[in-house]
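Colleague: Chain by chain, the residues run as shown.
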Amino acid sequence: MLLLIQYTLIFASVLLLVALGGCFAEHSGVINLGLEGIMVIGALGGALMMRYAPEGISSFAMIVLVLLAAILFGLLYSSLLAVAAINFKADQTIVGTALNMLGTAAATVIVKAINTAANPDDVSSTIQYVVPKKAFIVNIGTFQFNWFMVIAVIALIIAYVTLYKTKFGLRLMACGEHPQAAASVGINVFKMRWAGVLISGIYGGLGGICYILAGVSEWKFENGVAGFGFLALAVMIFGQWKPQRIALAALLFGLFRALSNVYTGFSILTALNIPSTVYNMMPYIVSLVVLAFTSKSSRAPKAEGIPYDKSTR
Amino acid sequence: MKKSFWKNAAVQSMLASLICIVLGLLIGYIVLLFINPAGASDAITAVIKNFMNYSRSTLQLKNFGSTLVKTAPLLMCALSVLFAYKVGLFNIGVAGQYCVGICACLYAALAWHWGWLACLLFAVLVGALWGTLPGLLKAYCNVNEVISGIMLNWIGLYGTNMILTKVKESTSPYTFHVATENPKAILPTLGLEKLFSGNNKVTMAIPLAIILSVVIWVILSKTKLGYELKATGNNKNAAKYAGMAEKRNIIMTLAIAGALASMGAALLYLTDYEQWQCTTSSVPGMGFNGIAATFLGGLNPIGTIFSSYFIQHITSGGAYVDKTMYCSQISDLISSLIIYLCGFVLFLKFSMNKIIAKREEKRAAAEKAAAAVKEGGDK
Chain E
1 MLLLIQYTLI
11 FASVLLLVAL
21 GGCFAEHSGV
31 INLGLEGIMV
41 IGALGGALMM
51 RYAPEGISSF
61 AMIVLVLLAA
71 ILFGLLYSSL
81 LAVAAINFKA
91 DQTIVGTALN
101 MLGTAAATVI
111 VKAINTAANP
121 DDVSSTIQYV
131 VPKKAFIVNI
141 GTFQFNWFMV
151 IAVIALIIAY
161 VTLYKTKFGL
171 RLMACGEHPQ
181 AAASVGINVF
191 KMRWAGVLIS
201 GIYGGLGGIC
211 YILAGVSEWK
221 FENGVAGFGF
231 LALAVMIFGQ
241 WKPQRIALAA
251 LLFGLFRALS
261 NVYTGFSILT
271 ALNIPSTVYN
281 MMPYIVSLVV
291 LAFTSKSSRA
301 PKAEGIPYDK
311 STR
Chain G
1 MKKSFWKNAA
11 VQSMLASLIC
21 IVLGLLIGYI
31 VLLFINPAGA
41 SDAITAVIKN
51 FMNYSRSTLQ
61 LKNFGSTLVK
71 TAPLLMCALS
81 VLFAYKVGLF
91 NIGVAGQYCV
101 GICACLYAAL
111 AWHWGWLACL
121 LFAVLVGALW
131 GTLPGLLKAY
141 CNVNEVISGI
151 MLNWIGLYGT
161 NMILTKVKES
171 TSPYTFHVAT
181 ENPKAILPTL
191 GLEKLFSGNN
201 KVTMAIPLAI
211 ILSVVIWVIL
221 SKTKLGYELK
231 ATGNNKNAAK
241 YAGMAEKRNI
251 IMTLAIAGAL
261 ASMGAALLYL
271 TDYEQWQCTT
281 SSVPGMGFNG
291 IAATFLGGLN
301 PIGTIFSSYF
311 IQHITSGGAY
321 VDKTMYCSQI
331 SDLISSLIIY
341 LCGFVLFLKF
351 SMNKIIAKRE
361 EKRAAAEKAA
371 AAVKEGGDK
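Chains as they are written, first to last, in our numbering: chain E, 1 to 313; chain G, 1 to 379.
Be aware that a few hints might be false.
[Unchecked claim] Within a straight-line C-alpha distance of at most 20 Å, the following computed PhoX-like cross-link-like pairs (lysine-lysine) qualify: (1) 349(G) x 89(E); (2) 236(G) x 302(E); (3) 220(E) x 323(G); (4) 323(G) x 49(G).
[Stated by the list, open to error] Not the full set, but computed from the structure, chain E residues with beta-carbon under 7 Å of chain G: (5) 94; (6) 277; (7) 295.
[Unchecked claim] Residues of chain G placed beyond 12 Å of chain E at every Cβ, according to the derived structure: (8) 41; (9) 113; (10) 117; (11) 153; (12) 171; (13) 189; (14) 190; (15) 207; (16) 231; (17) 237; (18) 275; (19) 329; (20) 363; (21) 373; (22) 375.
Everything labelled a hint here was simulated from the structure, so no lab data went into it.
Bear in mind that the values here come from a model prediction, so they are computed numbers and not experimental data.
No residue lacks a Cβ here, since even glycine has one placed at the ideal position from N, Cα and C.
Whenever a hint applies, use it, and build me the whole structure from the sequences.
Modeller: Printed below as a string of structure tokens:
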């Protein structure tokens with residue numbers, strides 16, 4: 001039971017972080033379908049930092065360095081989306097999809113190149129981080145507490161305050177609802193949208209490193225992040241683009257994802273004799289069902305996905 | 001006045017695609033330089049040469065055949081994405097539809113021992129049903145087809161793994177060979193293997209896929225159905241106002257798209273070119289490459305034939321890079337770069353038209369000035 005709670009919390013943290021990223025981008029008026037790719041690149045940044053960080057540094061320094069690396073990689077990668085979608089008015093769906101493919105392909109190529117350079121016989125795309133991972137984990141009895149659970153909560157509070165209590169957040173949301181009106185009162189829509197996408201890059205990168213640290217202590221970058229970026233988008237839609245509701249949605253989805261990791265620990269569930277693939281499918285099936293019931297009365301930002309054109313004011 | 005050659009939409013699309021390809025290859029080359037400057041030129045030429053890396057012409061032909069074998073399913077996936085895109089739907093679920101196609105045709109061939117036509121039609125049917133799911137969700141529940149498509153990709157992948165485990169070899173994670181288990185499920189070659197130095201994987205799949213792309217072109221641009229579908233894509237409410245069944249059109253489009261992708265899977269797996277690995281942990285790349293081919297082909301079914309071949313050409317070419325320095329994923333990197341650049345096509349076309357307009361303006365001004373000078377001279 002404790003294991004289920006542990007996994008639920010950690011997967012919910014991933015989903016929460018990434019969904020909040022998507023939330024910022026969409027409130028500014030850009031649909032960020034590239035979250036999956038941003039997660040992979042953020043994870044790559046963090047994993048590389050864990051590999052190359054000097055040995056014997058304190059846990060705190062390690063956590064800070066890894067987070068900064070993930071944030072930086074996510075930020076830089078999301079600027080590819082921003083420049084295409086905002087400045088060049090590209091189709092956001094195509095660019096997002098391209099970023100997802102590019103993320104996995106680039107991470108695989110980079111990691112393989114590093115591995116092969118270190119050892120010519122090693123052609124795997126795996127990075128190991130057994131020792132550095134310990135910095136993130138505190139054992140409380142049998143419960144493995146992960147610092148990312150705290151980071152996710154802090155991120156949630158920051159997101160809520162930024163969106164609803166600051167001038168910046170309200171202006172950002174105006175750009176996603178009615179950019180022409182926002183522009184007419186002197187808000188720079190392009191800058192605001194850039195800010196929205198870059199913040200989603202930060203959150204996405206953090207979510208990515210959190211995801212690969214959730215279970216195992218090595219990561220094969222060929223696998224990407226198994227649709228988690230899109231699950232996070234489903235969480236965001238289910239949460240109706242509101243941070244506090246997104247948090248609840250993330251817990252629900254996290255629970256179903258965690259079940260596929262730990263269902264063997266429950267005698268009732270193993271007695272049902274359902275193949276493990278069914279548990280693997282669960283989060284995706286649940287999200288489809290949930291979306292079917294909640295999308296009808298969708299409260300999506302009105303101008304999302306539409307490139308801003310000054311001449312249409 | 002004669003219409004400028006550069007103003008032709010087809011010429012502009014082709015030019016834009018070529019720019020994307022060249023830039024994609026160039027960035028890929030730069031990445032290779034970063035990894036290891038010594039072999040970068042060899043590696044990028046190996047990717048571009050693909051089957052021409054062999055010196056003997058029989059081997060060249062045989063491997064050219066293999067590239068074509070994999071082009072057929074890619075073309076079908078690209079057609080699936082294209083068909084949906086023309087109706088305003090982004091069919092990212094193509095990878096999942098491809099997956100259920102594999103599942104349907106292999107299960108029918110290996111468990112029920114059906115003939116090839118029955119297997120092919122069964123795959124088409126299952127794909128169409130799978131495609132209806134996001135269609136229904138979109139039409140009646142307003143679920144974004146991109147999100148539901150991704151979810152269905154993963155459900156399809158895990159489902160395929162689960163079902164095909166029943167027809168796999170006991171010692172490996174791979175399914176049985178269709179050729180040894182049920183030879184009558186293999187697609188007829190129509191004598192095509194003779195053209196490719198006896199490569200018996202070259203079957204009717206290739207001409208069939210090309211014929212289907214022409215059919216799709218005809219449906220979209222010459223029939224009432226195509227017109228209605230495109231109208232629905234342009235403006236759902238206007239189409240409804242004009243008396244078109246917009247919900248039915250959305251569902252039908254995604255069903256057809258699903259059928260196309262699923263058929264593509266059958267066209268590859270019923271040649272026994274490869275077996276399905278029942279422990280596959282990521283969605284097949286064929287679907288995503290299909291998206292690349294669609295946009296690179298300038299959203300035209302005929303252009304898609306060439307772009308599909310090109311994407312498959314460099315994907316197969318990735319196998320020939322020097323493995324001690326680079327990995328074959330370098331071609332995935334190049335094709336994803338190309339899709340990213342395809343996002344800029346609109347902007348490219350816009351700038352092309354701007355340049356043309358400026359030139360014409362200049363020429364018109366020059367002609368006017370010349371005429372004025374002439375008039376002045378007459379006086």
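Colleague: Taking the hints in turn, state whether each one holds.
Modeller: Evaluation of the provided hints:
A distance of roughly 13 Å separates the Cα atoms of residue 349(G) and residue 89(E); the hinted pair therefore holds under the 20 Å criterion. Simply put, residue 236(G) and residue 302(E) have alpha-carbon atoms about 17 Å apart, close enough for the 20 Å limit, and the pair holds. Restraint check for residue 220(E) and residue 323(G): the C-alpha separation of about 18 Å stays at or below 20 Å, so the hint holds. Simply put, residue 323(G) and residue 49(G) have alpha-carbon atoms about 16 Å apart, close enough for the 20 Å limit, and the pair holds.
Checking residue 94(E) against chain G: minimum C-beta separation of about 5 Å stays under 7 Å; hint holds. For residue 277(E), the shortest C-beta to C-beta distance to chain G is roughly 4 Å, which falls under 7 Å, so the interface hint holds. With a cut of 7 Å, the hint placing residue 295(E) at the interface with chain G holds, because the nearest CB-to-CB distance is about 5 Å. The beta carbon of residue 41(G) is kept farther than 12 Å from every beta carbon of chain E, the shortest such distance being approximately 17 Å.
With a minimum CB-CB distance of about 25 Å to chain E, residue 113(G) clears the 12 Å threshold, and the non-interface call stands. The beta carbon of residue 117(G) is kept farther than 12 Å from every beta carbon of chain E, the shortest such distance being approximately 30 Å. A cut-off of 12 Å between C-beta atoms contradicts the statement that residue 153(G) is not in contact with chain E; the least separation is 7 Å. No beta-carbon of chain E is positioned within 12 Å of the beta-carbon of residue 171(G); the least distance is around 21 Å.
Chain E leaves residue 189(G) outside its interface by the beta-carbon criterion, the shortest separation being 33 Å against a cut-off of 12 Å. A cut-off of 12 Å between C-beta atoms confirms that residue 190(G) is not in contact with chain E; the least separation is 35 Å. Non-interface call for residue 207(G) relative to chain E: holds, since the shortest CB-CB distance, roughly 30 Å, exceeds 12 Å. The beta carbon of residue 231(G) is kept farther than 12 Å from every beta carbon of chain E, the shortest such distance being approximately 20 Å.
Every CB of chain E lies more than 12 Å from the CB of residue 237(G), the least distance being 16 Å, so the non-interface label holds. With 12 Å as the threshold on Cβ separation, the claim that residue 275(G) sits away from chain E holds: the shortest Cβ distance comes to roughly 19 Å. Distance to chain E contradicts residue 329(G) as a non-interface residue, since its nearest Cβ pair spans about 5 Å, not more than 12 Å. No beta-carbon of chain E is positioned within 12 Å of the beta-carbon of residue 363(G); the least distance is around 27 Å.
For residue 373(G), the shortest C-beta to C-beta distance to chain E comes to about 38 Å, beyond the 12 Å cut-off, and the non-interface label holds. The claim that residue 375(G) is not at the interface with chain E holds, since no C-beta of that chain comes within 12 Å of its own (minimum 39 Å).
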